[in-house]
Each structure stands twice: as C-alpha cells, then as structure tokens.
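Construct the entire structure; sequences and hints are all you get.
If you read the sequence shown in the UniProt record's numbering, its first letter stands for residue 1, the second for the next number, and so on.
Bear in mind the hints are in silico, worked out from the structure with no lab data behind them.
One should not assume that every hint holds.
To be verified - Quick list of in silico lysine-lysine cross-link-like pairs, DSS-like style, CA-CA up to 25 Å:
no. : residue 1 : residue 2
1   : K103      : K53
2   : K53       : K40
3   : K144      : K73
4   : K103      : K22
5   : K137      : K103
6   : K103      : K73
7   : K22       : K53
8   : K40       : K73
9   : K53       : K73
10  : K103      : K75
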Amino acid sequence: QVALLGLDVLGAFVDRLSGRFKSYIGTVLLPLIDRMGDAKDQVREQAQNLILKLMDEAAPPMYIWERLAVGFKHKNYRSREGVCLCLIATLNIYGAQPLILSKLVPHLCTAFGDSNSQVRDAAILAIVEVYRHVGEKVRIDLSKRGVPPGR
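See the structure below:
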C-alpha cells in the first residue's frame, strides 16, 4: 500500500513538473526498477506505468533506457523480467525509431541464459517484439552474437 501511494506521488510530480523532472530521473529509476521486482502485481504494473509516463512526459525513451538497462542485471528476477516487459511496452507505444536497439539486444541475449525461466520467457517475448519492429536485421545481429537460428 505504501509503495503504491509512493508511486502515485511520484506520478503526480511527473505530471506537475513534466520536462523539468528530467534531472530527477537518475534518482528515481533505480527505485522504480526495485519496485518492478515487488511481490505484488499491482506495484510492478504501476512502476512500469510510471517508467512509461517518464518517457512520455519527462524525457525521450532512449534517455530513459540508457539508465534503465542496468535492470537487466538486477539481483531480483522479477525486476529483470519487468525490464524485459517494459521494453515490449515501449516498443508497442513508441516503435523502434526512438530507441537504439543495438544497445539493448545484447542485454536480451544475456537474459536468454538467465537462471529464471520467467526472465528467459520475457526476454524471448521482447526479442520477438524487436523482430516485429526491425525485421531481419535483428536475426543477423543475433547470429553474429552466437544465438542459434532455431532459437
């Protein structure tokens, strides 16, 4: 309950400050990644929605992703899974244009070998989404990285 209220307050700040919130993004993203690992679905969902709101109101998507990519290595498997799901949501909202996917695909490749099956599944869903937006280029990139074509 406290986490949800905190996320609400943070969302209100983003609404109020809009582009001026950009200077605080580095401060709030790591706790948001932590909240994406919360035991409660509602908290995880609201943390992701707030990250998407930051992309919409405070800073460009790639600016956020340059700071969010550390979440692919988070100690909590739910946070790692959440970052993959957030990438899917970002692609569905903004497409591939505002993102430099070549910086994010290596993180997904690493997540293919994650110890947790939910993270592996989310990484596969994310790479499928990348493929849907970029096409063959991602398949070529994956083969260069040693990911077998059957995968």
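*Quick one, are K103 and K22 close enough, alpha carbons at most 25 Å?*
holds (21 Å)
*Verify the proposed pairing of K103 with K73, using a straight-line Cα cut of 25 Å.*
Distance of about 14 Å is within 25 Å: holds.
*Between K103 and K53, does the CA-CA distance stay at or below 25 Å?*
Since the Cα atoms of K103 and K53 sit roughly 22 Å apart, the hinted pair holds (cutoff 25 Å).
*asked:* Between the alpha carbons of K22 and K53, is the straight-line distance 25 Å or under?
replied: The given pair, whose Cα atoms are some 12 Å apart, holds under the 25 Å limit.
*For the pair we were handed, K40 and K73, check the Cα-Cα distance against 25 Å.*
Since the Cα atoms of K40 and K73 sit roughly 21 Å apart, the hinted pair holds (cutoff 25 Å).
*asked:* Tell me if the straight-line CA distance from K53 to K40 falls inside 25 Å.
replied: holds (20 Å)
*CA of K53 to CA of K73, is that 25 Å or under?*
Given pair K53, K73 holds - Cα atoms ~23 Å apart, limit 25 Å.
*Quickly compare the C-alpha distance for K137 and K103 to 25 Å and report which way the hint goes.*
holds (14 Å)
*Please work out if K103 and K75 have their alpha carbons no farther apart than 25 Å.*
Distance of about 21 Å is within 25 Å: holds.
*Are K144 and K73 close enough, with their CA atoms no more than 25 Å apart?*
It holds: about 22 Å lies between the C-alpha atoms, which stays within 25 Å.
In summary, the structure agrees with every hint in the numbered list given earlier.
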